[in-house]
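Here is how the chains run, residue by residue.
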Amino acid sequence: MFAKTSDDGQSARIGVYVCRCGLNIAQTVDCERVAENISYMDDVVVSKDITYACSEPGQMEIKTDILEHGLDRIIVASCSPRLHEPTFRNMMKEADLNPYLLEMANLREQCSWVHMSEPEAATLKSEDLVKMSVSRVRLLSPLTEDVMPLTKRTLVIGGGIAGIQTALDLADNGYEVVLAEKSPSIGGTMAQLDKTFPTMDCSI
Amino acid sequence: MADAGRHPNITLHTMSEVTEVKGYVGNFSAKIIKRARYVDEKECTSCGDCVKACPVVFPDEFNVGLSSRKAIYIPFPQAVPSAYVINMNECMGRGCSKCLDVCEKKCIRFHMSDEEIIENVGSIVVATGLEPYDPREMDEYGYTRFENVVTSLEFERLVNAGGPTKGSVIRPKDRKRPDSVGFIQCVGSRSKRKGGEYCSNICCMNTIKSTLVLKEHYPDIDIKVFYIDIRAFGKGFEDLYNRSRSLGVQYIRGLPGSVEELPDGTMRVAVENTATGKIEFHDLGMLVLALGIKPSSGTQRLQEMLGLQLTPDGFYLEAHPKLLPVDAATRGIFFAGCAEGPKDIKESVTQGSAAAARAVRLMHKGAITSEAITSEIIEAHCKSCGKCAEVCPYNAITVDVKKKIPASVNTAACAGCGTCAAECKFGAIVMNHFTDEQIISQVDTMLEEDAKEKVLTFACNWCSYAGADYAGVSRLQYPANARIIRTMCSGRVDEKFIWHAFEKGAPIVLVSGCHIGDCHYIDANHWTEKRVNKVRKKMEKRGIRPERLQLEWISAAEGVRFAKVMTEMEELRKGVTAEEIEETVRILKQRKKAARKRVQKE
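Chains as they are written, first to last, in our numbering: chain A, 1 to 204; chain B, 205 to 806.
If we strip away everything but chain B, and leave its shape as in the complex, we get (with noise of 0.2 Å):
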């Protein structure tokens, strides 16, 4: 920590947020907010007679409210910076100004206030972290009734020598040493009803270490551990595990069912021991819900603002769980640590080496190949009408709609997402690599024989398709005959490859992407929506039924959604009858002669 906080190549901005980020791989520009600190963290030299002074009393936050501190703070002693801070919304302010009167360094400062920071990058590493879980909804465990039931995390800073009671463990309600203590395994983790699904991975280990912690400590005392299963899959695990055990600790098959309080505060815990079948009662000093991990608050918010996918766990989801395990799907973007799943230190630590080894890999050239996959503008067809710069997520597209001078395409902004060429009505702009012709020769040939049997789904390749691997790669099976054409983004399936789908017979047509919000190229698939629901009434109008074009939303991480959503396509496409798809066929044939005819006349 302190390394981190002197390195010279290191800029630290603590109390800061990335508010929004803009640009791409390689020169990335990111504003921070950082607020106020209102103490100089440069001057201030940690003597903490600003704490003395203050009169302002508050629960410690480190110390998960265990202890106090004062409206002017240090967070704790090995704080990095080591500077102290002030909560504004606790402190007196002027009317007080105790502390300023005793600070000799003259470093507090009231009127200081949040900056915005503009830091230009060319890589980012995601290290969000994560919340420990919120166990009140799980009130079987008695957690908000009894002061005797603890977090785990409440229990390290009982047992730290540096947290409020130097160590001495104490249960809450008398401040007696407990003579037994219970451990209850898989709060908020492995439950389909409440907290997390997911194993959090760290709570068994880490209540083996507060087991060997606490017989250190206190050789007598009595410990049980209840749980579902014990984890202890790394390396030196089993070691620690048997060491819990040889030391007298009990391991009991079985999650409590319920926890009542007895008139000494001690905890009796009821539990069906699932090994013996028997239901047991265990009374306790003091018990410890070894709390799961879930994402950090702010994970939703800056998945938008980098266009990165989740896991329906709700953290960060890599660009290939094996292969490219600290990558995002973005380019220039990593993860370390527990943004990207549950893990412990050791795996934290490698997985933040990782990521800054996957950094100086892009970046040692100080250079970088632009994306080759973007949009041109063919300046005769351009009518000037300003629509491709409009749907631009990237504003990548000048046009003067008052001059009429032609659009223009900056290719260094262009991600390739292709909505420009979706919409572009007069036929200006061609989104190279997913050209119209391309698309359409891909739509032809799948349509040119049985073209009934068949499912034609367009899939964006960062969600839809990918969730389509994922279904693969889980070999869930589905019917055979769905069809997949790829484009980058759904914003690049133009209205025209829809109607030419139908008039070349398709049953279905399945337009794909990422969910709302979760666009890789920020919103373009808002695009994609307005899109499909203009189709869809302009197919009722024409006397095509709307319910033969469908969209669905289907993220990376939703193979069993895509496996699910080809099922419920081919029960539509099963439900479109040979003469359907011929008086379709008819009336958008007729369509195009009248509108032939008319371009002729004019």
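One chain only, chain A, in its complex shape (with noise of 0.2 Å):
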């Protein structure tokens, strides 16, 4: 672990996490080398390899850093934020801070699985991932999301076993439905069946 202890209270107080994810990326990347190169930044207050950073002691980790280092915006460089952006936006929350100031880079997904046999082209890769990162996430924003009025009706689209099902489920829980069928009856492919498996019962 790399952490700094003074700072000027004034500019970003950033803390990063490079993610193992297990093996997955620390079999490839060299995770350490890449949290010292980034602590050497500037605003960096914290830089450190973990083992799982989705994981709740992970997670736990550093909302612990962001009380004790007084951090403010958080880089997870990990896996895709398509998989766990939602996982630390939460996190984020929990820790009082506001979840758009998190930023994610993508080790996994995009260095040490493409690149499993260049170990060294994978490492300087993250750490290029990680350090533009830390450029965003110096100039992110904090973000509010307005709450909205939701429609409590369903819109099913086609009308056999897959279409019914859904429609009875949400029926039976109380919300409306509107089930859209092309053809004269519903019922689809499977009311042409004669018996099915694997029971040998009756389709209809």
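If you're looking for bench data, these hints aren't it; they were derived computationally from the structure.
Note that CB positions come from ideal geometry on N, CA and C, so glycine has one too.
Treat the hints with caution; some may be incorrect.
Each computed SDA-like pair below joins lysine to any residue, with the alpha-carbon atoms no more than 20 Å apart [said to hold, decoys possible]:
| no. | chain 1 | residue 1 | chain 2 | residue 2 |
| --- | --- | --- | --- | --- |
| 1 | B | K656 | B | I577 |
| 2 | A | K93 | B | I577 |
| 3 | B | K587 | B | K607 |
| 4 | A | K182 | B | K587 |
| 5 | B | K745 | B | Q794 |
| 6 | B | K656 | A | K93 |
| 7 | B | K550 | A | D169 |
| 8 | A | K182 | B | Q794 |
So the derived label-pair ranges between C-beta atoms look like this [what the hints assert, rightly or not]:
| no. | chain 1 | residue 1 | chain 2 | residue 2 | range |
| --- | --- | --- | --- | --- | --- |
| 9 | A | L23 | B | Q504 | 38 to 44 Å |
| 10 | B | K700 | A | E145 | 25 to 31 Å |
| 11 | B | K396 | A | T87 | 35 to 41 Å |
| 12 | B | K587 | A | L23 | 52 to 58 Å |
| 13 | B | R802 | A | L67 | 50 to 56 Å |
Using the hints, put the two chains back together into the complex; each one sits in its own frame.
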């Protein structure tokens, strides 16, 4: 772990967490080296590698650091934001930080898994991606979501077995359902079948 | 089925197609065209008097043409709603009116017209099902030439007690019961040549089921199944397979090469038995083609309407193959059944329930949080030119060009693609979370060291970035020079980001996004295409090789394509010399200086 203690208290206080993802990232990318090199960047207060950032202990560690070091912006360098951005945004909320002050660098899908035989190149690329994240996270602004009304109704398109099941489950839960079927009857392909596997009973 | 028809919370629109969907998660508005049934479905008691009177005879679709029906008909006895329907293209109309005369309830309405219905909903479940593979193109099995070759769906109707033969299996040519039946598997599945390359999931078990039904009806019947592999992987499946074998059904590994008809209507099948390596001939009374599953015909239209993505097989692509298997990438839209991929009944039911649970999870609070990543207008800079309103795919921006009233954004309607900010020439639009400064800072940092070694790639969140993720998950290896900057839409990639990158020494800039027609933001990527072409022309004028700016469409399912494009980009990058980069930097800096001077003079 590489932590700086002094700061002027004015500029951003960034925490960087380089996730090893077990061995998914660490087997190719030298996570410790990435964390160390990033720690020398301006505004980076904490930079460390971590085994599973998304796990309960992982998140707890980040939240503790946020409190202890007064971090105000977080970078998680782990997997795709398409997978865990919601996870870490929730973590930010729990730590009383705006969830949009989080930035993710995608070391797993874009480095370790696609450059498996080039550990050095993958590590350099990882460093680049995290540096880009540091530049970006400094400039992020807090954002807020508005609460809007919602229509408690569902349109189910298609009246085969799947559509019928969806419509019935929703309707039994008290939701209004509109079931649209292009043919003159619901039932779909299933209605044309005689017996059905594996129980050999009738389809209708 | 009947439960769905009479549930007080379910409004059923049959003969209906969704033609337009507006709005966004929580508040969709769907236009549905309900075609005229010409029979009042609430009044009709399905007595059937009209059918007896109707003189027009046509093949019955439900029995796949194996029986006939009238122009006024009920699709099948258990149909829901239980009401007759007139096919007006077949009906002789007022000149005949025989059905009108006999209908005691007076519920036949010749003047009925198509209805347009608007339904406001908070979520949408796409359960558009499947279409069986059309075997006509696979002529080696003789489906178009021999009557005694039937499809698995036709066989279902033949063996069904409610079918045209009341469940007695006869072969079409002489209407006699066959002594032997052959099943050919993987028709339209697992083939690079014809049909789909994927396994259709249900055909092995469907055939095994059919062999058991046949053996139950006719214990002495000979049955042979020609297959590549038997895939009996589900709960209770292997047991059925074993039962079928123990009843004497022969499973022969190998798909037939040809089928001939003998004078008595027997089908002679030539097959290489891959277990023995020998060519064999089998004479069979009739042949059943186990049809594969294809996406339903309306899939692409609905995909474009809702801004969804498809897999290369043509089925809808889920947001995540394991963790979000019923969610679409578009919030508020879910999948159920074969629309998402071939499935059996149990899986379809499971997914239907799952989609319902996901929809409840979304709606139960009765409120929804809006998108925080939206654009904002800096009024002081706005010249009211109207460009932003023109490019916005959601009509979320209003601006009065004549009265010069600055633009304003309806943040509830804004989906956050950022096309407006990229097209604004006056820097009057801030795209939150993807601001010019934020993106340019990423470009700067990326190109700070060894710029000429790097391939700057802009990737849109929904397709190309997801395609890169897919390449990762699939462990596809590509050159390590690629550096991705994520934007929500390729439409966000401002011309100035591209110039800035070249000025900072980028050898190659790649802009990547969803395929045209697949854009998550309706059609924002049209503007990407226009813009990239425009910049390329300018590059040419300025003496910069336009090949250094690339545009590629890569979908979320195209991991292989992403890796291939990255390899191609690396080849292009190698062709850019240090001198060429230097020259570009010089040209661009000079232009900037000249522009600055012009501004100072003014």
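We went through each hint and held it up to the structure:
1. Our distance criterion of 20 Å between C-alpha atoms is broken by B:K656 and B:I577, whose separation comes to about 33 Å.
2. A threshold of 20 Å between alpha carbons decides the hint, and for A:K93 with B:I577 the separation of about 17 Å falls inside it, so the pair holds.
3. Proposed proximity of B:K587 and B:K607 is supported: the alpha carbons are some 11 Å apart, at most 20 Å.
4. Between A:K182 and B:K587 the CA atoms are separated by roughly 48 Å; this puts the pair beyond 20 Å, and the hint is violated.
5. Among the hinted pairs, B:K745 with B:Q794 is consistent with the structure: their alpha-carbon atoms are about 15 Å apart, no more than 20 Å.
6. Between B:K656 and A:K93 the CA atoms are separated by roughly 40 Å; this puts the pair beyond 20 Å, and the hint is violated.
7. A C-alpha spacing of about 15 Å is found between B:K550 and A:D169, which places the hinted pair at or below 20 Å, so the restraint holds.
8. Annotation: proposed proximity of A:K182 to B:Q794 is violated, straight-line Cα distance about 63 Å (limit 20 Å).
9. For the pair A:L23 and B:Q504, the beta carbons lie near 41 Å from each other, so the given range of 38 to 44 Å is met.
10. Roughly 29 Å separates the CB atoms of B:K700 and A:E145, a value that falls within the hinted 25 to 31 Å.
11. Checked against the given bound of 35 to 41 Å, the beta carbons of B:K396 and A:T87, roughly 40 Å apart, stay inside it.
12. Checked against the hint of 52 to 58 Å, the pair B:K587 and A:L23 passes, with Cβ atoms roughly 55 Å apart.
13. Our hint of 50 to 56 Å for B:R802 and A:L67 holds, since their Cβ atoms are close to 53 Å apart.
Violated hints, listed in ascending order, are 1, 4, 6 and 8; each of the other numbered hints is respected by the structure.
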